[in-house]
Amino acid sequence: MSTLLNPAPAGTRLDPVTPSRPSRRGHRIGRLLGYLALIVASAAVLLPFYWMVVSSLKTNNEVFTVPVRWLPETAVWHNYAAIWDRTGITTWLGNTVLLSVVVTFLQVLTGSFAAYGFAKMRFPGRDVLFLGYVGTLAVPWQSYMIPQFVLLSKMHLSDTLWSIIAIQAFGALGVFMMKQYYESIPDELLDAARIDGMSEYGIYRRIMLPLSTPALASLALITLVNTWNDYLGPLLYLRSSNLWTIQLGLRSFIDNYNAEYALIMTGSVLSVLPITIVFMLGQRYFVEGIATTGLKG
Amino acid sequence: MKRSIAAAVGAATLSALLLTGCGSGDSSGGSDDKTLTLAGWSLATTPEFKVLADGFHATHPDITVELKEYDAKNYDTQMVADLAAGKAPDVYVQKNLKNFYTYQSGKQLLDVSDVAVTGASTDAYKVDGKTWAVPYRQDSWVLFYNKALFDEAKVKYPDGSWTWDDYATAAKQLTTGLKAANSKALGVYEHTWQSTLQGFALAQSPGASLESADYAFLKPYYTHAVDLQNAGAQVKLGDATTNSLTYQAQFGKQQAAMMTMGTWYIATLLSQQTSGDADKFEWGIAPVPQLDESTTGTSATPVTFGDPTGLGINPKISEGKIETAKAFLAYASGADAAKALAGIGITPANTDSATTDAFFSVAGVPGDDVSKFAFAKHDTKPENPVSKYTAPLQNILNDLHTAVLSGTKDIDTAIAEAQERAKNEVLNK
Amino acid sequence: MTTMPTARRGRDTLVGWTFLLPNFIGFAVLTMVPIVLLFYYAFTTWDIFGGAEWTGLANLRQMLHDRSFWTAVWNTLYYTVFHIPLTLAVSLGLALLLNRKLRAVAFFRTVAFFPYITSIVAIAQVWNMLFSPGYGPINAILRAVGVDNPPGWTTSAEWSMPAVIVVGTWREMGYYMLLFLAGLQTVPGELYEAARVDGANAWQRFRSVTLPGLRPITFFVTVLLTIGSFKVFDLILVMTDGGPGQSTLVLSQYIFQKGFEENQFGYASAVSVVLFLLCLLVTVVQFLVNRRRDA
Chain P
3 MSTLLNPAPA
13 GTRLDPVTPS
23 RPSRRGHRIG
33 RLLGYLALIV
43 ASAAVLLPFY
53 WMVVSSLKTN
63 NEVFTVPVRW
73 LPETAVWHNY
83 AAIWDRTGIT
93 TWLGNTVLLS
103 VVVTFLQVLT
113 GSFAAYGFAK
123 MRFPGRDVLF
133 LGYVGTLAVP
143 WQSYMIPQFV
153 LLSKMHLSDT
163 LWSIIAIQAF
173 GALGVFMMKQ
183 YYESIPDELL
193 DAARIDGMSE
203 YGIYRRIMLP
213 LSTPALASLA
223 LITLVNTWND
233 YLGPLLYLRS
243 SNLWTIQLGL
253 RSFIDNYNAE
263 YALIMTGSVL
273 SVLPITIVFM
283 LGQRYFVEGI
293 ATTGLKG
Chain R
33 MKRSIAAAVG
43 AATLSALLLT
53 GCGSGDSSGG
63 SDDKTLTLAG
73 WSLATTPEFK
83 VLADGFHATH
93 PDITVELKEY
103 DAKNYDTQMV
113 ADLAAGKAPD
123 VYVQKNLKNF
133 YTYQSGKQLL
143 DVSDVAVTGA
153 STDAYKVDGK
163 TWAVPYRQDS
173 WVLFYNKALF
183 DEAKVKYPDG
193 SWTWDDYATA
203 AKQLTTGLKA
213 ANSKALGVYE
223 HTWQSTLQGF
233 ALAQSPGASL
243 ESADYAFLKP
253 YYTHAVDLQN
263 AGAQVKLGDA
273 TTNSLTYQAQ
283 FGKQQAAMMT
293 MGTWYIATLL
303 SQQTSGDADK
313 FEWGIAPVPQ
323 LDESTTGTSA
333 TPVTFGDPTG
343 LGINPKISEG
353 KIETAKAFLA
363 YASGADAAKA
373 LAGIGITPAN
383 TDSATTDAFF
393 SVAGVPGDDV
403 SKFAFAKHDT
413 KPENPVSKYT
423 APLQNILNDL
433 HTAVLSGTKD
443 IDTAIAEAQE
453 RAKNEVLNK
Chain S
-10 MTTMPTARRG
0 RDTLVGWTFL
10 LPNFIGFAVL
20 TMVPIVLLFY
30 YAFTTWDIFG
40 GAEWTGLANL
50 RQMLHDRSFW
60 TAVWNTLYYT
70 VFHIPLTLAV
80 SLGLALLLNR
90 KLRAVAFFRT
100 VAFFPYITSI
110 VAIAQVWNML
120 FSPGYGPINA
130 ILRAVGVDNP
140 PGWTTSAEWS
150 MPAVIVVGTW
160 REMGYYMLLF
170 LAGLQTVPGE
180 LYEAARVDGA
190 NAWQRFRSVT
200 LPGLRPITFF
210 VTVLLTIGSF
220 KVFDLILVMT
230 DGGPGQSTLV
240 LSQYIFQKGF
250 EENQFGYASA
260 VSVVLFLLCL
270 LVTVVQFLVN
280 RRRDA
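Residue numbers (my numbering), protein chains in the order written: chain P, 3 to 299; chain R, 33 to 461; chain S, -10 to 284.
Because the hints were derived from the structure by calculation, they are not lab data.
Yeah, the Cβ is synthetic: ideal placement off N, Cα and C, and Gly gets one too.
There could be a bad hint or two in this list.
Unchecked claim - Here are some of the chain P residues that sit facing chain R, going by a computed Cβ distance under 7 Å:
#1 SER155
#2 LEU234
#3 LEU237
#4 SER243
Start from the sequences, fold in the hints, and give me the full structure.
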């Protein structure tokens, strides 16, 4: 650490483009148009979500009509109250939060740990093993979900939350992703630390982790979203209704109540909110590291 | 190297945790001989399983029937997985005949030929001379019609004498009549499923069979359907699927004057009319249109289709419970259970006359003669004939269904293609 | 690296493995074992309940004559070839655009990510409605600007795949934007300063500083995109269910159909192996190209 150059914040951003001799007004109009374009694009992107919200305020048979109605006849706010009683959404949310947090924690921890081994350590068989890891990403889950299910059943894990944790927390995605980001951290940094007598574990904890905060945050968010939105996994493994996650619960609710689509949309809106909040609060970590040490140029 | 020890210990703990795991429900059937586990779905809104469970308990007070809930839409996927892992319940429902074949040929059903079944037919569940499941419910397709809309359009109610030509004519008359009366409703709503057309084609065409790879019998049905779409009497398939139209809303909110649908819709319509999800209007049921006049009229037996819903026994059931399970099957197909089921609006497999009375005494069920006739008298053929070729052939025919009704292919090309695919991909095994 | 003494290398191996172990144990047992089994089942006929019957290459022979299989292969390639460059361009563009201190940049980044977290059922439903040929706004706009016969989109065999490709990109752009955003942080600021001092304009800075700096991430994103495109399943299932006809039937759905609807798990496993090999081939090629650029 004593051989580092002058520290620059790890999360340096691109400076806004400044043309050499702008006319002030042309520049401002450009910015304005840019913002306008962004707003229009955002509206287009948010359209499905808008439809979800509007549908959640309709009566059931109003949700799917021809032609589609973009505003409810009368807003049924009651749906947002009813959903807590009429469905087990509190249980579902609880289970989903638990699963998402545990899986994310395990995936980020073990994934980044293993990625360090792959990225910065040399040992025989490393590249082949890594290729094997990535290779498994190429197999669609529907193909091996039955052998996996039988295996987990024999381990007495099916119909428990552990089954979901087991199948999600040790994936190859985390390892692959962190390895790529670790590769961009220069080896000289690590060599210097090794010369200073630091152990590999110390390097992992004191150098790699802080420097890769944006990557860790991204992996955490992606894992969170994937676990949150996972439907097929819980469908296959979670039978008891007290174990259901929110996707499973909502979908079964549709079939249960013979098309209470408005309430379904209410549930879907509610299920998107936590992730949105997490993302909005945490999104700056994807671009601004909290490291105080810098990188050699 | 304290860290590596910590890592190793962590890894070992994790493995240990994985291998022991804390389960909540490691059950393969009830744990004692006095509990029978029964698979069901959507337990909160599908009371038939509880009715069967409670009814059996009343006649066998020492036995409890425990319900296990499955997902309604993915029931078979979950059941297949559970059976493969040895965790399925003692008795499980045969939701339709397509998957019955899977279970039976996969040896996942106990031979129940010695279960005494009276008043219901077990033909659909017979393979190799033995019976493998017992029906408790038999839905069939009927024609639902909205009396109010018929009156508005000044068209006569269906009276059981219709052929498909009469039906098409009425649909067009309804559409024009409703438009003249300033209503936005259409004459007819045919739901997007392939069975809406193919079920009838298979049941009503003499000599028709899926395995023959001769699908010419589909042509008149699709010609009618395309004609109705083009005449504006029926929503185009593309619009129906992209807007996710539901048959409950289309008929219940009076978007269409008539609709062919299974008898299971009766209970739904009644409950939706009560809850306000459907409009309150007078409706009735009539026999479905027939291929030709030979089976029309109240002195003949109309031909329609529908798969039975039955119960089968898991072969991994413990020895001591087999007799109890068989008794449960006998009860479910018997007259008492049938009366209880009819009382909640289900169409039981048992055709005892007391059943019909029980059904029509439910509040809101139309009591006119045509409705009673449509309910009680019909020659119901299976939607999915039991065979190993049925599932793949149905997939091929589903592609035909979407291709023709979306206007991508004309019926003759589609039939030719389906026949070729059937021969090359399925029947040569 | 300089050559290490053998003792050091031995220790390195041990230490390296301790890093791998926590993840590897779970991975090996829960993922590798089932996948190895998958390869075994590919050479059998198996209805999932009983034992699997070894039938050697029979499944392969069936595949060669199976027209639906080849349709699925073609559709999968069709989707992949268009989906990858489109999504790459859009997500990189978004990341570059939103990497700066704009007003409300947090809001715009969240918006870009929204499609990824919205339920797939809602996405499919709304896009189907937007694409609805008779009533949807997209065709309404097309008609207004004079297009006489607007496409049938998800109701027509020709336009269903393009429609799905558009929705696929829309859905995933936020996800890959996120990865690129994180990657952009690893490009040191001094390099941009140096380039600007040298007189490079924005495009030149992009080409000579950003792109090379992003290479590990671009590679990662491309590999993920490729694999994801080959495996695409739930979007198509919910939007078009492989139809109309078989125009959007892709390999993953074909595997699911054969396995879970027709109970031919042996054959489904064989098709999965083919899908895997296809993916692997393309990924290995990408690895090699990337390694050559490194040298």
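Which numbered conditions among the earlier hints are violated in the structure presented, ordered from lowest to highest?
2
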